[in-house]
Amino acid sequence: MDCYDLCASMKKRASYIIIAFILFNYTNAKAQMNFSKDSLGIYSDTVFVTANKSERQVKNISVPISMISGKSIVQAGNTRLADVLREQTGITMTSGFGAGVQLQGLNPDYTIILIDGEPLIGRTAGVLDLNRIAVGNIKKIEIVKGPSSSLYGSEAMAGVINIITDKKNADALAANIRYGSYNTKDGNVSITKRLNKLKAQTFYNYYSTDGFSVRPNSNNRFITPISRSTFTQNIQYKLTDKTSIDGSIRYNTENIKSIIAVANNGTTIYSNGNENNNDLNGSIVVNHRFSDKIKTKLNSYYTQFESKQDLLTVSGNPYNDLFQQNFKRIEDQTEWKINSSLNSIVGFGWITEKVNSSRYDNIDSAKTNNIQYAFNQWEWNNGKKWVANAGFRYDKNQNFASAFSPKFSILYKANTQLRFKLSAGRGFKAPDFRQLYLNFTNAAAGSYSVFGAVEAQKVINRLMDLGQIGNLFSNFYQLKKLEPEYATGIHVSAEWEPNSNNEIQVQFFRNDINNLIDVQQVGNYISGSQIYSYLNIKNAFTTGFEIETKQKFTKGWTSAVGYQFLITGDKDQIASINNGTVYTKNENGTSRLLRLNDYVGLPNTSKHRLQAKLNYENTKGFYANIRAIYRSKWAVANTNGNEVYDNGDQFGNGYLTVNFSMGKPIKKGWAVQAGIDNINNYMDGLNLPNLAGRTFYMTLKYSTQK
Amino acid sequence: MKKAIGKCLVVVMTSIFLFSCSKSTTTVVAPLTATTVNDLPADTIVGITPQGQPFGAGKFTFYSLEKNAIVANTDSASTKWDLAFNGTKILTNSGNSGSGLGGAFIQIGLFDELKTISSDSVFKTDNGPSSYAVTFGSGRGWYTYDPIKNLVTPLAGRVLVVRTASGKYAKVEIIAYYKGGATLAATAPDAEKITKQRYYTFRYIFQPNGTKNF
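In order, the protein sequences belong to chains A and B.
For the first sequence, this note's numbering assigns the number 1 to the initial residue and increments by one for each residue that follows.
For the second sequence, this note's numbering assigns the number 1 to the initial residue and increments by one for each residue that follows.
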């Protein structure tokens with residue numbers, strides 16, 4: 001980023017901050033309760049907002065949820081959201097385009113990530129890099145599993161991850177600095193100030209690392225030198241008892257330096273790369289209570305993401321890539337408490353999205369999409385054994401087919417120890433701009449091209465007129481307006497709390513995904529190079545179960561174990577295998593028929609995942625914990641001459657990592673923490689580029705609150 | 001029940017007949033066995049262009065399935081060869097590639113299970129550069145090329161059904177495109193991917209009696 005850009009963006013930042021300062025707010029003090037209890041707390045009064053888009057007690061929520069407390073994040077010594085989620089049941093972090101989240105076997109594209117209820121944008125190849133999100137000011141993370149498009153629209157197909165920031169109620173100052181292996185520095189400052197009806201909070205995080213390398217003198221560092229800064233400002237103002245205004249702004253910038261090796265038909269060209277990503281989110285929310293029965297929330301939200309990549313090859317050839325996206329939304333949500341057991345939420349909104357990218361036909365021609373939507377949810381809670389929810393959302397899209405997303409869920413409290421939940425819903429993911437508009441030819445590797453579905457026929461026909469097309473496949477003629485991808489999910493769970501020291505939760509899930517958009521070869525150039533585009537062609541499923549248990553022992557010891565069993569598959573591939581039309585290679589290179597038991601399902605999915613945590617905490621505030629995470633093998637590439645993933649393909653090896661941390665308060669608000677991540681120093685540069693080797697760190701903290 | 005007994009009888013009778021038959025004949029036809037050709041060079045890499053493209057000397061390697069031997073390049077205009085190899089391109093001695101009676105098509109299926117070439121099969125002939133009997137290009141003929149990993153992998157379940165220069169029939173399965181008879185690992189160094197490529201390992205059965213049965 002040169003000076004001009006820097007100054008411009010600083011100015012832009014400043015103006016947003018001023019806007020944020022002008023508009024104010026107040027938050028519901030009830031929500032500011034203590035969330036330090038690191039427990040499923042199935043009967044607790046803890047408030048959970050994500051499941052109903054409105055505050056509900058955990059014990060009355062009828063869909064599968066999990067919650068990560070701020071305290072457990074702090075005690076684990078996690079600094080980025082990716083580190084936190086990696087340790088949760090049913091979640092796998094994927095590598096490639098940053099650290100993405102795979103929820104119950106579904107790709108990162110299908111989980112919506114929210115900060116205080118507002119969606120984050122800026123995905124690369126469908127992946128939202130969760131290393132972008134600092135967790136220094138988080139009160140808790142709420143996770144809803146299963147399709148939730150009935151409230152959240154596109155992307156909420158596998159579930160919702162909502163990061164709730166810590167909006168402290170009293171004046172506070174907290175700061176910490178951390179230093180660790182690979183010259184990794186992390187610092188946080190947060191300030192909360194109250195003045196009568198006004199409350200202002202500021203949070204700043206700085207993170208930088210030199211990266212690390214398995215081969216000390218190699219150009220290919222696993223984590224490249226990165227620096228990130230995140231700035232958050234929140235202002236709340238209580239106008240009257242009935243009306244409040246809340247303004248928030250968050251700005252995150254990251255700079256990644258790397259030496260990238262590009263292989264071109266066998267010759268490796270090294271390039272010095274510089275990648276700069278910025279994202280900005282701002283929201284203004286007006287809450288108004290008309291009466292005890294009716295309240296409304298008017299919410300305007302703006303977010304933008306910009307990613308700039310500059311590469312300079314050793315021979316001096318530049319390569320520049322620019323991606324800019326913005327998202328504007330205005331939404332109103334009204335909640336009506338009809339009587340003591342019936343409640344209804346009605347909402348509607350308008351979204352405008354815009355993308356400019358040098359990977360599309362022309363950087364100056366913005367691609368836009370407009371979405372209008374409405375949702376309605378009914379909740380019935382008789383205050384005794386049953387809670388039921390039914391709702392739907394309808395999204396009308398300008399660029400692709402409309403989506404209807406219903407959801408139904410029910411909770412039955414058998415007795416004070418045992419509860420059952422059943423939920424079924426439909427989620428969708430809109431085709432993204434890349435799938436609609438990409439116009440990319442990789443000159444560095446084989447000159448293949450990928451064209452988005454909207455442009456593909458036009459572009460290819462033009463190339464045809466120029467005599468550059470060798471041949472076209474039959475699926476070229478099937479290219480048409482893309483439809484959203486759909487998932488239907490069914491979740492059944494049982495939660496049992498036999499006594500106050502034990503909890504166990506078992507959950508079965510099944511997600512059927514239709515209309516999956518896949519990149520397909522549609523033809524060849526005269527030169528033989530491939531031409532790809534996107535089609536709605538695949539049908540897949542993910543199914544399995546999760547078990548989570550928590551135990552409390554004597555003298556401050558607690559433990560938690562989580563396990564996920566996962567089976568995935570492409571339905572069309574399974575049909576082909578059953579029809580005997582899929583072949584594979586024997587070890588000697590000859591072919592044979594592929595059997596269903598050779599089939600491994602979707603790539604990047606592991607059958608087994610296990611998390612175990614042992615924690616000790618005494619009354620003086622000293623704590624120590626050890627966390628183990630195991631993931632079984634997963635398919636990474638198709639290498640044996642067929643298009644399905646089977647036992648003969650390339651796999652990432654199953655692996656275990658163990659993390660340890662401990663800390664204690666010193667005095668007068670000071671505390672220290674030290675830890676080791678990846679004690680066993682497991683590394684796999686090829687398949688797990690984001691997993692650093694053994695890392696030591698130490699943190700010094702200060703807080704005016706205890 | 002009656003029917004079943006009848007069927008049984010037919011089976012028993014037939015097997016007795018066959019048994020006696022095979023006993024009485026003395027001309028036992030030896031089953032055809034597959035021949036494996038290892039590391040047949042196909043215009044191997046001799047240099048790299050300044051743009052980074054590896055290149056070979058531009059020559060085809062001519063092969064006779066009938067004789068199981070390489071045919072000299074000086075005989076390229078003859079009917080001595082059946083297949084010619086250059087990189088991923090495979091020619092048949094047909095059309096504008098040669099004066100022979102050759103031809104080929106690619107059948108999806110297993111090498112061992114191809115016992116008879118069905119009578120309605122159409123053998124294609126070469127009409128380069130626009131079309132070849134053994135279809136040229138990634139994912140279209142016998143291989144797939146991954147530009148990211150820079151690897152050529154033979155497709156599983158593809159049999160090259162070949163008509164030789166003399167008009168007889170053979171079936172061929174390509175096993176590997178890299179020296180050593182196995183596709184390199186995706187993780188192999190780039191240098192190895194360059195130097196070891198363009199070496200064919202394949203197995204084939206040639207039917208010398210002119211029939212379409214193997």
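Wrong hints could be hidden among the right ones.
Simulated pairs of lysine-lysine, DSSO-like, Cα-Cα distance not exceeding 27 angstroms [claimed, not checked]:
(1) A/Lys701 to A/Lys664
(2) A/Lys633 to B/Lys89
(3) A/Lys538 to B/Lys149
(4) B/Lys149 to A/Lys308
(5) A/Lys297 to A/Lys328
(6) A/Lys571 to A/Lys620
(7) A/Lys185 to A/Lys668
(8) A/Lys308 to A/Lys396
(9) B/Lys149 to A/Lys257
(10) A/Lys257 to A/Lys168
(11) A/Lys480 to A/Lys555
(12) A/Lys480 to A/Lys458
Honestly, the hints are just simulated from the structure, not real lab data.
To see whether the hints hold, each was checked on the structure:
1. A/Lys701 to A/Lys664: holds, 10 angstroms
2. A/Lys633 to B/Lys89: violated, 37 angstroms
3. A/Lys538 to B/Lys149: It holds: about 25 angstroms lies between the C-alpha atoms, which stays within 27 angstroms.
4. B/Lys149 to A/Lys308: holds, 26 angstroms
5. A/Lys297 to A/Lys328: The given pair, whose Cα atoms are some 17 angstroms apart, holds under the 27 angstroms limit.
6. A/Lys571 to A/Lys620: violated, 56 angstroms
7. A/Lys185 to A/Lys668: Given pair A/Lys185, A/Lys668 holds - Cα atoms ~24 angstroms apart, limit 27 angstroms.
8. A/Lys308 to A/Lys396: violated, 32 angstroms
9. B/Lys149 to A/Lys257: holds, 24 angstroms
10. A/Lys257 to A/Lys168: Violated, because 36 angstroms separates the two Cα atoms, which is more than 27 angstroms.
11. A/Lys480 to A/Lys555: Violated. A/Lys480 to A/Lys555 sits at ~64 angstroms, over the 27 angstroms cutoff.
12. A/Lys480 to A/Lys458: It holds: about 11 angstroms lies between the C-alpha atoms, which stays within 27 angstroms.
Hint violations for this structure: numbers 2, 6, 8, 10, 11, all remaining hints satisfied.
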